[in-house]
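Novice: For the protein sequence lines, the chains are A and B, in the order given. The opening position of the first sequence corresponds to residue 0 in numbering that gives the first Met the number 0, with each subsequent residue numbered one higher. The opening position of the second sequence corresponds to residue 0 in numbering that gives the first Met the number 0, with each subsequent residue numbered one higher.
Check before you lean on any hint, since a few could be wrong.
Covered stretches of chain A, going by a simulated chain B footprint (3 or more residues, C-beta under 8 Å) [what the hints assert, rightly or not]:
| # | segment |
| --- | --- |
| 1 | 48 to 57 |
| 2 | 126 to 133 |
| 3 | 183 to 196 |
Straight-line C-alpha distance at most 30 Å; calculated BS3-like pairs for lysine-lysine [stated by the list, open to error]:
| # | chain 1 | residue 1 | chain 2 | residue 2 |
| --- | --- | --- | --- | --- |
| 4 | B | LYS495 | A | LYS116 |
| 5 | A | LYS191 | B | LYS125 |
| 6 | A | LYS195 | B | LYS421 |
| 7 | B | LYS396 | A | LYS129 |
| 8 | A | LYS191 | B | LYS41 |
| 9 | B | LYS170 | B | LYS15 |
| 10 | B | LYS191 | A | LYS116 |
| 11 | B | LYS421 | A | LYS101 |
| 12 | B | LYS344 | B | LYS482 |
| 13 | B | LYS170 | A | LYS90 |
| 14 | B | LYS301 | A | LYS131 |
| 15 | B | LYS301 | B | LYS257 |
| 16 | A | LYS195 | A | LYS226 |
| 17 | B | LYS85 | B | LYS102 |
| 18 | B | LYS41 | A | LYS117 |
| 19 | A | LYS191 | B | LYS448 |
| 20 | B | LYS421 | A | LYS117 |
| 21 | B | LYS102 | B | LYS191 |
| 22 | B | LYS301 | A | LYS90 |
| 23 | B | LYS15 | A | LYS116 |
| 24 | B | LYS448 | B | LYS338 |
| 25 | A | LYS116 | B | LYS170 |
| 26 | B | LYS495 | A | LYS117 |
| 27 | A | LYS131 | B | LYS102 |
| 28 | B | LYS15 | A | LYS90 |
| 29 | B | LYS453 | B | LYS496 |
| 30 | B | LYS570 | A | LYS195 |
| 31 | B | LYS516 | A | LYS116 |
| 32 | B | LYS570 | A | LYS116 |
| 33 | B | LYS569 | A | LYS116 |
| 34 | B | LYS516 | B | LYS570 |
| 35 | B | LYS569 | B | LYS488 |
Partial list, computed: chain B residues near chain A (C-beta under 7 Å) [said to hold, decoys possible]:
| # | residue |
| --- | --- |
| 36 | LYS350 |
| 37 | PRO352 |
| 38 | PRO383 |
| 39 | SER443 |
| 40 | MET445 |
Simulated from the structure, these hints should not be mistaken for laboratory data. Backbone N, C-alpha and C define an ideal beta-carbon position, used for all residues, glycine too.
Chain by chain, the residues:
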Amino acid sequence: MLRVTYFGKTSFALQSDETSVLLNPGIWDGDTVVPDDYDIRVIVATNDHDDAVGNATTIAANAKAWFLGNELAVEKVKEQGAKPWLLHVLKNEAPYEIPGLKITPFSLQREDPESGKKSENLGLHIEIGKMKVSYIGDSMVRGPFGALEANIVIAPVGGDGVFPVKDAVSLCIDVGPQIGIPMRWTDDDQPKKFCKYIDQFARNTMPLVMKEGQVLEVQWAAGNEFKHELS
Amino acid sequence: MSEHKTVVIDIEETEKAQLDEHSGLSEIEVSGVLSVKNVSEKSRIWNVRVLLGDTRDRTNIGEETIPAGEVDAGGRWDTTYDVSAKAPILTLTEVFDTCEEVKTEEPHWAYAFGKDNPVKMTITLKNETDGQIDNIVLNKTIPSELTEITIDEVTSGTAEFDEGTGVVVWKDFVIYPQEESTVVIKASGRVKDVDAKGAGEMVVTYRGEEQTRSVLAPDMTALTEFLAGIESAETEPNSWECTLECSNESDLVVRLDKAEVYLEPEDGGDKEKMIDEAPAVELAPNDEWRSSFEVTSKSPPKCTQEIIYTPTNVVTKRVLGTIDKTPQLVPVYRIEYSKTFDPPKVASFDKTPVEVTIEVTNAGSAKLNEVQVLDNLPDDIMPPTSEYVEVFVRGDKYDGEMEIAIDPDDQDPDSPHTLSVKLSNLKDSVGELEPDETMRINYSIMTWKSRPEKEYPSPIRCLANTYPPGLEAEIASDEDGHKIGVVYKKRRISAKKGINKGSETGEYIVQLVIENKGEVTVENVRVTDWIPEDFEFVSVEPEDLEPSQAAADGGTNLGWIFERMNPEDKKKIRVTVRGEGEYERREPEVISD
């Protein structure tokens with residue numbers, strides 16, 4: 000079974016019976032979205048921006064968790080005082096594996112909406128709790144994710160340097176996951192549109208808009224029947 | 000006696016009815032003129048009293064008897080009165096049907112804009128009385144928007160259309176008691192604007208001889224030149240024959256109603272009635288009437304007389320009627336539409352959801368009971384499913400009677416589709432669509448790998464109708480209208496090749512780097528690289544990129560297919576080959592959809 004906890008913005012925690020991973024515990028307008036004392040085994044920031052790295056250093060220190068990211072992100076947390084032996088640089092298409100968890104990063108891009116400057120963002124293909132999760136992070140391109148099998152696709156929908164709604168929908172149509180989860184919206188209309196379009200055009204996928212603090216439990220019932228329950 | 004003159008009591012009543020535009024009675028006024036005509040050439044009549052009794056209940060005449068004074072020879076006396084009536088004696092009905100081609104229980108009442116409306120006017124007159132109605136003349140004005148006027152049917156009389164005056168005149172017929180006559184006029188109606196049109200005025204005049212609305216049954220008494228006297232002649236001594244003699248001195252017929260003679264006894268006492276008659280005899284001019292009795296008396300008997308007579312009369316009566324029908328207002332039904340895409344343009348080769356908004360506005364002056372939209376979606380578009388098509392009327396979501404169909408009923412983007420949305424029976428759900436009101440359709444489509452060199456027209460056709468339904472009001476775009484814009488995003492695929500020595504003699508490492516440097520995703524990227532005939536393929540990295548091999552001119556072609564490459568996607572392939580001789584370099588080929 001996999002538990003998906005949503006903290007808001009782009010922050011999720013994935014927990015299985017064996018391990019757990021925290022994705023993009025960012026800081027937005029000076030506020031953290033994940034508590035400093037959150038207990039987790041692995042933290043991944045998909046880029047080195049504050050909205051991805053956030054308070055990862057503190058959480059990692061408190062939980063004695065691994066921190067994973069690209070070189071810039073790892074450098075950033077190192078400067079923030081993270082323990083070097085808990086850091087791991089993710090390389091493009093090089094899987095990171097520990098028991099119960101396999102993360103394959105793919106080098107994608109995000110764009111600064113004001114300057115137009117592009118920077119690397121990692122898209123993550125995560126295998127945990129017998130589920131495959133495609134987490135696009137703060138990406139404006141999909142890379143190979145359209146061809147990667149996934150049970151859950153988590154994609155931004157807010158535009159402004161990351162996916163707009165249409166690209167998130169298009170990805171779900173191509174991948175056909177059981178569940179599509181929007182994130183990082185800037186307007187309440189965006190997740191509604193995401194659901195509307197997924198309902199209509201990605202018939203095998205169920206759109207699911209998670210509220211902050213909600214937990215989604217997914218599992219294979221009887222071995223092959225996908226089941227989910229939202230708290 | 001018939002050649003003799005008789006006083007005429009004449010009743011001429013006039014009814015004027017006003018019908019509303021749907022032939023309902025809106026007003027009726029009935030008035031009458033009661034006349035006494037002295038047709039004598041020389042004799043005056045006086046002390047004339049017109050006797051009405053209780054036949055005046057429907058009138059405003061207060062007295063049972065109306066004193067008319069004296070009427071000179073050849074003169075007349077008139078009095079007027081009003082009559083209360085609920086309906087005219089003739090019923091006029093017009094059915095103005097703007098679409099006789101479509102058979103419905105109720106007539107069509109509006110013109111379809113931009114079409115030749117097959118108009119049928121059925122005008123019926125019914126005699127509601129037990130008497131004949133004649134002198135009927137009906138004038139029907141034909142409005143200017145009607146052409147090709149024909150009299151299709153007339154059950155009696157003649158009906159002709161006068162092009163000069165634009166009037167159909169129907170005349171020369173009578174209608175017998177409780178019967179009706181009909182004329183049917185057909186025409187073609189075409190309107191140039193949406194203002195409601197008049198269906199043409201109609202006036203009918205008629206006469207009902209020997210009929211009244213008041214039921215007055217007048218009689219009359221009067222005096223005229225008339226002599227009466229008693230002649231006493233002694234037949235024997237003290238025996239007398241007394242004769243009452245009456246003589247009509249006028250040129251009118253006079254009726255003697257009462258003749259009484261009283262004898263005064265010689266020795267006094269009560270008078271004795273000696274003649275007591277009510278002859279009711281009509282005396283022609285110069286006719287006389289006598290009656291005698293005998294009496295014994297020493298002196299000439301003293302007699303007095305009491306005579307009642309009156310000129311006879313005949314009553315003539317008629318009803319003259321006029322019915323004026325207010326022209327029916329015939330509104331016009333017309334629709335306009337707008338159709339927008341949001342976003343109006345999509346990136347080529349991409350999948351993009353697009354919001355389609357269609358608004359149909361009642362641009363006419365008639366209410367609409369049905370609206371239908373037929374929207375055509377080209378290929379490379381994934382259509383919606385019907386449950387996601389939303390319809391709003393006056394801004395509110397519509398959940399009344401509606402049919403939504405998508406043909407073919409699938410979401411296959413490889414074929415075009417037609418979306419049909421039909422709202423019916425609005426009158427029984429949210430009410431008919433009034434002029435200037437709008438219905439809106441919202442739905443989403445998904446553009447599916449739109450190609451920049453291709454056009455994606457999405458023509459639309461909108462229809463509307465009234466209740467009952469007639470010709471459809473229609474508006475449509477051009478056949479190639481409403482194109483979905485496709486923004487051309489350049490495809491740019493880079494293929495680089497490097498050949499390096501391998502670890503063994505005759506072994507080479509061929510490195511291929513395929514990169515999507517364009518702005519859009521490319522699909523079905525087919526990469527082909529050639530190996531000279533003296534070399535053979537050994538291995539590839541990554542291992543899952545095992546190539547296909549096919550014999551080619553002077554060697555072997557290795558092939559790879561990548562289903563999809565997104566912008567900035569890069570594929571690195573390391574191929575190990577082994578052989579003898581020179582390793583000729585040829586550039587890899589890359590093609591894509």
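Novice: Looking back at the numbered hints, which does the structure fail to meet, lowest number first?
Specialist: Going through the list in order, the structure violates hints 1, 2, 5, 7, 8, 10, 11, 13, 14, 17, 18, 20, 22, 23, 25, 27, 28, 29, 30 and respects the others.
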